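With the hints as extra help, turn the sequences into a complete structure.
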Amino acid sequence: MAYRYTLELLAGIAIVAFCAMFLYTSATMSGAEFAGSDNVGSGLIAELSGRPVDNFQPLISQWEPPSGEIESCLFALQAAVGGMLVGGVFGFWAGQARGRRAE
Amino acid sequence: MYLCDAIMHIMEGFLPWQWCLIWWIIALPCLMFGIYQLKKVLDADREALPLLGVTGGFIFILSSLKLPSVTGSCSHPTGTGLSTISFGPWITAVICAIVLLFQSLFLAHGGLSVLGANIVSMGIVGPLVGYGVYRLLRDTSVNIYVTVFLVTALADMFTYVTTSLELALAYPAETGGIASSFILFMGIFAVTQVPLAIVEGIVLALVFKYIVALKPDILIRLKVFSEEKINAARSEC
Chain Z
0 MAYRYTLELL AGIAIVAFCA MFLYTSATMS GAEFAGSDNV GSGLIAELSG
50 RPVDNFQPLI SQWEPPSGEI ESCLFALQAA VGGMLVGGVF GFWAGQARGR
100 RAE
Chain R
0 MYLCDAIMHI MEGFLPWQWC LIWWIIALPC LMFGIYQLKK VLDADREALP
50 LLGVTGGFIF ILSSLKLPSV TGSCSHPTGT GLSTISFGPW ITAVICAIVL
100 LFQSLFLAHG GLSVLGANIV SMGIVGPLVG YGVYRLLRDT SVNIYVTVFL
150 VTALADMFTY VTTSLELALA YPAETGGIAS SFILFMGIFA VTQVPLAIVE
200 GIVLALVFKY IVALKPDILI RLKVFSEEKI NAARSEC
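As given, the protein sequences belong to chains Z and R, one line each in that order. Under numbering that gives the first Met the number 0, think of the first position of the first sequence as 0, with each following residue one higher. Under numbering that gives the first Met the number 0, think of the first position of the second sequence as 0, with each following residue one higher.
No false leads were mixed into what you were given.
Chain Z side only, calculated, beta carbon under 10 Å to chain R, not exhaustive: (1) 3; (2) 7; (3) 21.
Stretches of chain R that chain Z covers, calculated by requiring three or more beta carbons in the stretch to come under 8 Å of a beta carbon on chain Z: (4) 12-24; (5) 48-62; (6) 93-105; (7) 197-208.
Simulated restraints on C-beta separations: (8) R:45 / Z:62: 34 to 40 Å; (9) R:234 / Z:12: 21 to 27 Å; (10) R:225 / Z:15: 32 to 38 Å.
Bear in mind the hints are in silico, worked out from the structure with no lab data behind them. Source: prediction; values computed, not measured. Don't be surprised by glycine CBs; every beta carbon is placed ideally from N, CA and C.
Rendered as structure tokens:
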């Protein structure tokens, strides 16, 4: 019983440490580095292939969200679908467990 | 953001068509086997469906989070660990394919031609590595939450190792070839991903604790862990 909330504590510490690390990184890294890092992945591909980044065209044309706001909205929608599934099932299981205890 | 996209999912147009084809050829049989297994599991026990919902739900949630990391860039967790432990790597591949398809169709995140490569990294190799660790630790005295942590963190890390390999194979460096290019890609991806993988491992271990507390019988029926181990874990809850 002494270790009952160990995992909750660990998760809390991990999340706080993660946030602190992010704040430290964003405070100490200059804006220029942040801007540069955006392109590191595709920049490296461009460097290795000897082709400029703009040269990479989709093989199959795809729909792109018309703005960053709509992209965020769709990402949030994806998280919401997951959240509904998780919350719904945990609620269902909690109800079942309560029913079993009541019997 | 190019880096986010290029790291987690290879972006549309960033792999030559020959490589797209090869990864699709590898991914398709795995997906078909996953669908077959999924049908078998659900036919045998309909009670597995809510657990499938929870494990799939976490893949949906976690892979939608673009999190900043120490390198000043951002990346996603994958969330595949829970599903790998509960249902194995092949069913996980099917869930990942659904998430990746959603992201390529509606978010221009990844793409249809590179979907095969992205399924191989996030849905097949990552979960396979995690599953290997799980099988290795399942019948030992290692605590089940430590097992869930390791499976989740390693499945996450190896997703990125595979992405690096896929890119290195397509773009070998002029000097040093594939190996040198692989190290370069790993240099960008691994550092970014390590803290995310650790946090993801701890969070999913916590989620597993709640599954153990609320629905231990399904974990026992699916033989995820032995009854003794589940009961021992429950007594700690």
